[in-house]
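Just need the whole structure built from these sequences, with the hints factored in.
First to last, the protein sequences are chains V and D. Take the first sequence: its position 116, counted from the start at 1, is 232 in the numbering used here, and no numbers get skipped. Take the second sequence: its position 165, counted from the start at 1, is 281 in the numbering used here, and no numbers get skipped.
Wrong hints could be hidden among the right ones.
Identical copies look the same in the list; a pair holds intra-copy or inter-copy alike.
To be verified - Mimicking EDC-like on lysine to aspartate or glutamate, the simulated pairs with C-alpha atoms at most 16 angstroms apart in a straight line are:
| # | residue 1 | residue 2 |
| --- | --- | --- |
| 1 | Lys350 | Asp216 |
| 2 | Lys316 | Glu354 |
| 3 | Lys144 | Asp330 |
Hints in this document: simulated from the structure, not taken from any laboratory. Quick caveat, the model's predicted, so the values are computed rather than measured.
Listed below, chain by chain, are the residues.
There are 2 protein chains.
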Amino acid sequence: MTNPNSPAVTAALLVIGDEILSGRTKDKNIGYIAEYLTAMGIDLKEVRVVPDDEGEIIAAINTLRAKFTYLLTTGGIGPTHDDITADCVAKALGVEITHDPRAVAMLRERYVNPEDLNEARLRMARIPHGSTLIANSISKAPGFMCGNVIVMAGVPAIMQVMLDEIAPSLAKGRVMASLSVDAGGLPEGAYAAALGAIQKGHEGVIIGSYPHFDGVKFANQIVLRSRDEALLQKVRGEVEAMIVSLKPH
Amino acid sequence: MTNPNSPAVTAALLVIGDEILSGRTKDKNIGYIAEYLTAMGIDLKEVRVVPDDEGEIIAAINTLRAKFTYLLTTGGIGPTHDDITADCVAKALGVEITHDPRAVAMLRERYVNPEDLNEARLRMARIPHGSTLIANSISKAPGFMCGNVIVMAGVPAIMQVMLDEIAPSLAKGRVMASLSVDAGGLPEGAYAAALGAIQKGHEGVIIGSYPHFDGVKFANQIVLRSRDEALLQKVRGEVEAMIVSLKPH
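Below, the structure written as structure tokens:
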């Protein structure tokens, strides 16, 4: 599905859950999804974390799905009362939501005994009309894709199998190549002006400078990103020459 | 500054940086700030991550500062060309930004030799007018608070000393008490209906159910949160009784 002439494929991520905002649960999905999409050539352009609040979730869904190629969500698709994501997606998109027979069949694989598939568990088969289901090999309750909204579980292991499941059907962009140049012990302030000049001369490369503090001293990495590999290598050469020229002799 | 009758103190966090969205850097500030604010009785209501893009940063600042008591930001206040947060805050708030003599004095503590305090480093002393500076005991370049916007470094160790510095001056809310009840091996689907009924009966308590998957099986925690300690204990009793009643005998 890659077409180098097509516009960039973009995405936003909406993390749904009080537990992330209270600090009780430390999110592990943002970094994973960011890296995953980048490797597919999809540019993650925005992340939002919102509470388990219908109004907030619906507003965020509608803003983000309109702005980007895809909107991915994590969290809020379990069987308990605080799991309201599927209903919010249906309301946001203005589609009906009912028990989906395909999703019920998936749940039956796990809850073989009919009385175990109670009303609460059946809630996990409530899917907005027009969705593609996303299989869940771990706990069976599926995610789904409705329009350009991809709804996944919040539990990282389950989110990850769902992402593997849906990824092949997504449009892919040209992968943004990326490389790091170690600043060789130079502080940011010593190369900031020269690096800024290199950035100004090369709009096709995104240059970032990232300090890392180990508790005693800083170590800096200069990161170059571009969809033009030749240009990336040219700018790498300029950055490396800059570092050599600025190092004390 | 705590007044139990005053409305809740709320906050949003804006994480600024391409490196988080590309997945190259895994954010460590969201969880830390979430926990920190919760312990102060400040409700973190939303988090956004945006790229190093002036338009996106300004739009997010203006939306979030209008909606919540405080807006905290992390990232983008170093000396390199990709550090544009201070200028974006000034534009968003419609105030001037110039070299602040107090900030220059702070930088002089670190860059004693006058020629080391070059133009790039002096950029870190550009502060929107009307700001309170936030001291940085690690690398000296300060954060600042302008209106209700609190601007901090992205490097976790530096963000943390800045947060310690500014926190005493912030309005505090009544702390939301929180406790976990272990579901004792019960699956979510076994208690979802009963837990939903308990939630319905007690609006003053926020009840969440959080599955944890260890790669083999699920272990669930039911988390209760409230600003009413007596009510919290009453609901804890109901949830514990529910678990006992549902466990196989």
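Comparing the hints with the structure gives:
1. For the homomeric pair Lys350 and Asp216, neither the shortest alpha-carbon distance inside one copy (54 angstroms) nor that between copies (38 angstroms) is at most 16 angstroms.
2. Only within a single protomer do Lys316 and Glu354 lie at most 16 angstroms apart by alpha-carbon distance; the minimum there is 13 angstroms, versus 64 angstroms between protomers.
3. Taking identical chains as interchangeable, the C-alpha atoms of Lys144 and Asp330 lie at most 16 angstroms apart only when they sit on different chains, with a minimum of 14 angstroms there against 22 angstroms within one chain.
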